[in-house]
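K.L.:
Listed in order, the protein sequences are those of chains A and B.
Residue 47 in my numbering sits at position 47 of the first sequence, with consecutive numbering throughout.
Residue 442 in my numbering sits at position 442 of the second sequence, with consecutive numbering throughout.
By construction, these hints were calculated from the structure, which means they are not laboratory data.
Here the structure is a predicted model, which means the values were calculated and not measured.
Some clues are possibly wrong.
Residues from chain A that face chain B, not an exhaustive set, calculated with beta carbons under 8 Å [to be verified]:
#, residue
1, Lys153
2, Leu156
3, Val157
4, Ser170
5, Tyr173
6, Ile199
7, Val203
8, Val220
9, Arg262
10, Leu415
Ideal Cβ placement from N, Cα and C applies to all residues, glycine included.
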Amino acid sequence: MIDVLLPEVSALTGLLILFFLSLSDNLSDALARRVTLIWSLVTVVCSFIALDQTGLLFSESYRIDSYSQLFKLIIAVGLFFNALLGWPLRSIPEEQRTEYYLFFFSAGLGMMLLASVFNFLVLYLAMELVAYSVYAMVGMRRDRTESIESAVKYFLVGAVSSAVGLYGLSLIYGAAQGLTFGALVEALRQGTVEPRLLIPGVVMVFSSFLFKLAAFPFHVWAPDAYDGAASPVAMFLASVSKLAGIAALFRIVYLLHPFLPRLETALGVIAILTMSYGNFVAFRQKSAKRLFAYSSIAQAGYILLGMIGFAASSPQAVMFYSIVYLLMNLVLFLVTLALEESRADPEISSFAGLYKRNALLAFSLMVSLFSLAGVPPLSGFFGKWLLFSSAAEQGHIWLVVLAILNSVISLYYYLFVVKAAYFGDPDKKYSPLPSTFTARSAAFVLSVAIAMLGLFPRPLFDFLTSLNLAQALAP
Amino acid sequence: MSELLQIKLTLTTVLAPIVSFVLIFLFFLRQHAIARWVSLLGITTSAACSTMLLWSVDSPAHHETVSLPWLLPGDINFSIGLLLDPLSLVMLWIVALIGTLVQMYSFSYMEDDANQAKFFAFISLFCFAMMGFTIAPNLFQSYVFWELVGLGSYLLIGFWNHLPSAATAARKAFIVTRLGDLGFFAAILVAFAGLGSVDYAGMAAGKNSLWTASLGGLDVATWTSIGLFLAVAGKSAQFPLYGWLPDAMEGPTPVSALIHAATMVAAGVYLLARNSFLLTVGSESCVIAWEGIAAIAMLTALMSGAVAIVQNDIKRVFAYSTISQLGYMVVGIGTGAVVAGMMHLFTHAFFKALLFLSAGAFIHAAHSNSIQDIARAGGSRLKVPMYSLLAGSFALAGLFPFAGFYSKDAILEHLLVEHHYIFLAAALVGVLVTSYYTFRVIFVMISEKGDGHDHHLHTGAWMVPPLVLLMIGALFSGNIWNFAVKHWFSIKHVEHGNAALITALVSSGVALIGIYYSWRVFYKKSSADPMEKMKGLANVLREKWYLDWSYDKLVHAIYLPFTWLLNRIELRFVKGALDGIGTACMNVARGFSRLQSGEVQQYFGLMLAATAVVILLITRL
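In isolation and in its complexed conformation, chain A is listed as follows (with noise of 0.2 Å):
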């Protein structure tokens, strides 16, 4: 059993080697990010290994498919990347830091839970494991005291959430008479649930996830997390952890689609919302990290977009943009990451001058950012087009004409921090912006990937086809 668990158990060991790391007293936080380091590429190659297990284990509770075994792949790279790029942790007290990495993990673990569970209560469980160890890392950052009141209020959203969330779960329990998803959907195919219960319920389960995907009315806690927290963890939000949220919520709004009809509306609706509430504000932003934290918004409505077209390219669509996003929040982060060696919040200003001051960071920044704007040829204009050719194909133009609106509209913000990486004069003495061999070196393979990922998009599209995904969400 333990290779068909091998992802998890990676990570859980990884989770137990830092705990007793954490123990003692005087280990350094250079060491612990080593382990880390080390053991998430372990837990990359554990995943690697693990991809094309099958299998529905713990009575039904827990799946093994390609589907699942491909997020928790995404999932580990993308905590490999973390763990490589999220460093130093100046913000964070130094006796702390191993514990970072603890959480590190101890997060790790419960995304690769979301990507497989199929069973309420174990969503629920994995949720709350990821969502107390983020909680945890926000309110880790101690040279600002808004920093904290955001990781209360952080915390605070995020229990009443979660509350929610957990009344719905025991109103489905109460109309499916079960908590594994097979038994939701074999009860929806007799026709035995009553709909007044269950639809609540549905609702407000979504409505915690939607809470995770900071998707709006339910994005609240998003800007003031990324701005609050250091800016490793915020990469870590922006990159892993939402991802994990959209693994879990696909599997079971395709599971339920077919019985629940207008939930794909009410999705759409809130997809549209999301992605133009993210673009509309994240003009008035100033701060680079909260401009990021919107953009991230909307690029989870888009995602939400691509969600509710059940075509048959649906499931590609969503992981081929994930990939995509995964590459490009790496990117953003990456080059915030080195601005913060001279300053301590970056702003879009601080990015001005930047390509006369580190050529290397303002073109990948500048292929990120194009490639999040969905600029042809970059991988985003091919994953948008992938999300918004399936809703299209799904009935939903009107939604995805919306959609390329609000493309259209966020040109304009990532426009202006390339404006500024490119044109704008670095204020006062302008001096070479000095980078890691570590940095530069992920800066040109993660933008040469987002490059090329769109030119050459048939191999990894031909590979996500023949995984045959739609098969693996199937009940």
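Given chain A, put chain B in place with the hints provided.
P.N.:
Just chain B, lined up with the frame of chain A:
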């Protein structure tokens, strides 16, 4: 040769120069010495690989396409790939070979230039673009590289961008050829709409009924041909779009040699040859369209040949001669003699590169472009350039045993055999004019013995080997084609008696008359310059048939008022509307931001209310 090896060699050939380009741009922009060697190494690799590839062309029918799907999905399928057949492999070889010689020559020519690393980077890019174009298996990929060729020429013609004339010439070259490219784009759309495929193989095998389907009066094949010819007229400088080519002389001379011999202008002729199957698939109207193409080309050949008579800038003489020779090639291809047209492109590449490089040697030594100035500075004492100028001139005039003799006669012979008598007569007039202006340069040069001052004239060390090699090419490339290359193409041999002998004798005779007359006027000075007598004609020729002048008028009369109008509309309406949208967006943003109040209670309210609203909407509706 195995297929895989062949593909690898082709990829190496094409990609080596772009690797040089990237390397120079990333690392050696200030290390000139390294940059030029990197560049030369790249193009030499291409030359070596493409030479090896020539051995793989063993049978006439050899034809191979490798392609990868590129853009996704649906019914539209664009692919990128390689097309390997005799036509593309021979062309690839010419580009790589001439590219190598020109770059070698540039070592001396550009030795004092402060930006020479950039020059070598650009020239590598240019060669890459042309080779990518050569092996493209479909119209779409051709189009991409076609535009890259245009970009390369723009960068190189305007290389000395501190000179306003060079910047203007570069812009002119780019814009005028872009005009023609609209035709290319239209041709792609038409072919795609009609055939559902833009693969050359697929197009050639396309059903006749698809090609002859009517589309707004004419059939698909005709529209495609017309669109493609527009593109060819731009790149290969045919009437009425040839005005950019003489101005392109503003670039460094090696660039002129490359543009005139193997890259830019050759691209158009090659495109036409590649698509010559259109002649056989279309209907009557398509055949007429190709006749029209040939007629325009013939007109171009005569018009530009006449202009060359009155030019005093040595490079401009050769520039106009290029336009007129391109006219011959297009006449050949337009009347169905694809192989003869390509043969003329092949030999012309050698002797025109030779002529430009020797002109460059004179200019480099005498610091002037004018024939008279070079003659006064004692240009005729430069041994190697003088011999190469002579060899190139003989080839250009089409005299036995030089290469131009064989290739030009192949076209003339075709015209005779296929009964295109008007074209034949016009072509013979062209031969007369060509030999007259070509030898005018030589006789003006040797009629002056220099003004006695001992100018320090010398030929750069790196200039000699390319000149000598090209001289050999100017002598033997015709024979090489006849003995080796010709058999790779599957052409049916037509029995035509004495046609070859007749055209050879007549055209040589005509050329000799031209040379004799040129000798009398410019060397012996026993006859008056005919241009002195025909002042009116001379003026028209000096004004280049008023073609540039009319473009100028057209721009002022139509284009500029139109842009003025658009500008007004833009400022009055478009900008106002856009500003309005911007302000509206900002207002929406301000409204949205109010939600982010920072009050946790309000956040709770918002989330719970949203959940409740969704539940209500789903259950009640």
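K.L.:
Which hint numbers does the structure go against, in order from smallest to largest?
P.N.:
Checked against the structure, the hints that fail are numbers 4, 5, 10, while the rest are satisfied.
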